[in-house]
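*Asks:* In case you want the letters, here they are:
There are 2 protein chains.
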Amino acid sequence: MYRKEIKVLDCTVRDGGLMNKWLFSDDFVRAVYQACVTAGIDYMEIGYKSSESAFSRDEVGPWKFCDEADLRRIVGDNDTPLKLSAMADIGRIDPDDIPDARDSVLDMIRVACYIHQVDKAIVLAETCMEKGYEVSINLMAVSKVNEMELDEGLQDISKCKVPIVYIVDSFGSMYSQNILHLVQKYQKALPGKTLGIHAHNNMQLAMSNTITALTENCNMLDATLLGMGRGAGNCPMEILIAFLKNPKYRLLPLLDVIQNHIQPLQENIDWGYHIPYLITGALNEHPRSALKWMASEKKDDFVAFMKEMHDYE
Amino acid sequence: MYRKEIKVLDCTVRDGGLMNKWLFSDDFVRAVYQACVTAGIDYMEIGYKSSESAFSRDEVGPWKFCDEADLRRIVGDNDTPLKLSAMADIGRIDPDDIPDARDSVLDMIRVACYIHQVDKAIVLAETCMEKGYEVSINLMAVSKVNEMELDEGLQDISKCKVPIVYIVDSFGSMYSQNILHLVQKYQKALPGKTLGIHAHNNMQLAMSNTITALTENCNMLDATLLGMGRGAGNCPMEILIAFLKNPKYRLLPLLDVIQNHIQPLQENIDWGYHIPYLITGALNEHPRSALKWMASEKKDDFVAFMKEMHDYE
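From first to last, the protein sequence lines are chains G and R.
Counting from 2, one number per residue, gives the positions in the first sequence under my numbering.
Counting from 2, one number per residue, gives the positions in the second sequence under my numbering.
Hints are computed from structural coordinates only; laboratory data are not their basis.
Take these hints with a grain of salt, some might be off.
Copies of the same chain look alike in the list, so a pair counts if it fits in one copy or across any two.
[As the list claims (entries may be wrong)] Here are the simulated SDA-like cross-link-like pairs (lysine to any residue), alpha carbons at most 20 angstroms apart as the crow flies:
| # | residue 1 | residue 2 |
| --- | --- | --- |
| 1 | 160 | 135 |
| 2 | 194 | 155 |
| 3 | 246 | 178 |
| 4 | 299 | 268 |
| 5 | 5 | 160 |
All chains, full assembly: derive it from the sequences and hints.
*Replies:* Written out as structure tokens, the structure reads:
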């Protein structure tokens, strides 16, 4: 599947950090960075851009903040073709805490928001554009949004300057048909904008949903090494790159970092396909109840979890 | 996805047995059987039907033979709506060792063959039909077959009496587009026959390929509990049943048997997504080299495996 417009974004550290509060060693983050550079990946999302007032450094690692000093300790001046991205959550970042792009090694800010925050997201995203960044709006949890609200949100976004908009399957609850429907809807509502896809693997469909989206002309593809990410994780980067067969990407450096850095983490961090994540995905629920269950002593009692979830309904 | 013609076949014991030489405890096989009955699954493939001369009982468990005495020890007279199936490999079963259907608890024989064995498969399959069984032909490793040979094989099958033909992605190397192409080809070449799909999960596409096939009117769907099967395993039954939302199926008994019998096996049997299986799948190779690698001390050295595989090419 060769199309020169396709860009692959690695969000291993950002989305994977949701599983360990971004308490990665510098060695780990540097290894992911080097692998992305060597493999020819287009973007690496290295964490969240948050204000110090929103989280405590005692609880979360540096990749929840993406301070320049921390970034540069890993990437220097990032004198490579790899672009660096950070995600900004509405309400957790004061725009004044985002430096001008010329003073940062970050190239891109992706603004994540829920449907009721679209207007705030547009303001923040346009502010980041004025500061000189590439910018996207990542509208989360869209599987829970009713179509009228979604149409209204997309209409607002269509009028703003932000050039990239992501379809985000936060709950891993979408089938190919849902992706198809949304990509076509977004395309119609957002003429001239680039679309992206961010999939989760609760029903082992993250890879195929990413293929469906790219076949429909989504050009920004999120993936993570060995699928590392919240809960069931994301579209595995190594499968995506093997599929794309694009000469600009190299698989071997990705296998190398998986072998030496990612897979060893799996001994302590239990991301990936597990039945509780399947259950929340199939029920179109936020994975938080499954994450809580998986962290408890009852983690292998799927039947009890299923019964509890049905009582919620 | 409700369509009354859809039948789901559990092949946990048959395909999973490829990972442990069918050395399952009776308790295990009985638990899978009971779960299939309670969950309303249509067929359970309990093993291979092989002749005693083809394999040694010292090396493989009873589900490599599916003798009546072994079967009845688990299922009695199987006085349930669940139909029982066994797979027959060309050259490993003497037709005389297959009793008449009226003397067996088996309801179905699925004849597995490679493209060069199609004519033998037709003879064996028609013999089984005469003995009173439901019968299918499962044409394996079709991703390696050139189209002219495949067209010829399908033409032969179209003329025979066997009513069910499976598309088998033995190497887990097919993308949705490949499945679509083959289902449409088989449909055109085999008018009036029912089609089935048997997928492997090397590229985490077994579930989505099964959806693609069923959307294109494949009505026999293979799946296994927690995806247990050779190498990367199969389409996970629990995800498929959650997708189908067909009132005749129940998810809870499947979660129960996974919790109490299947997941505990994973401590000793390492099926599922692993990088060596991704590599053979992406290269459209038989998984045997990956299986060998995974059984060796080098199992986590993906880079070495990738380099070795490329030297093969």
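*Asks:* Now, for every hint given, state plainly whether the structure supports it.
*Replies:* For each hint, the structure was consulted:
1. 160 / 135: Result: close within a single copy only, 17 angstroms intra versus 61 angstroms inter.
2. 194 / 155: Classified as within; 11 angstroms inside a copy, 46 angstroms across copies.
3. 246 / 178: Answer is between: at 15 angstroms across copies they meet the 20 angstroms cutoff, but 25 angstroms inside does not.
4. 299 / 268: both (19 angstroms within a copy, 18 angstroms between copies)
5. 5 / 160: This pair counts as neither: shortest intra-copy Cα distance 27 angstroms, inter-copy 46 angstroms.
When held up to the earlier numbered hints, the structure conflicts with hint 5 and nothing else.
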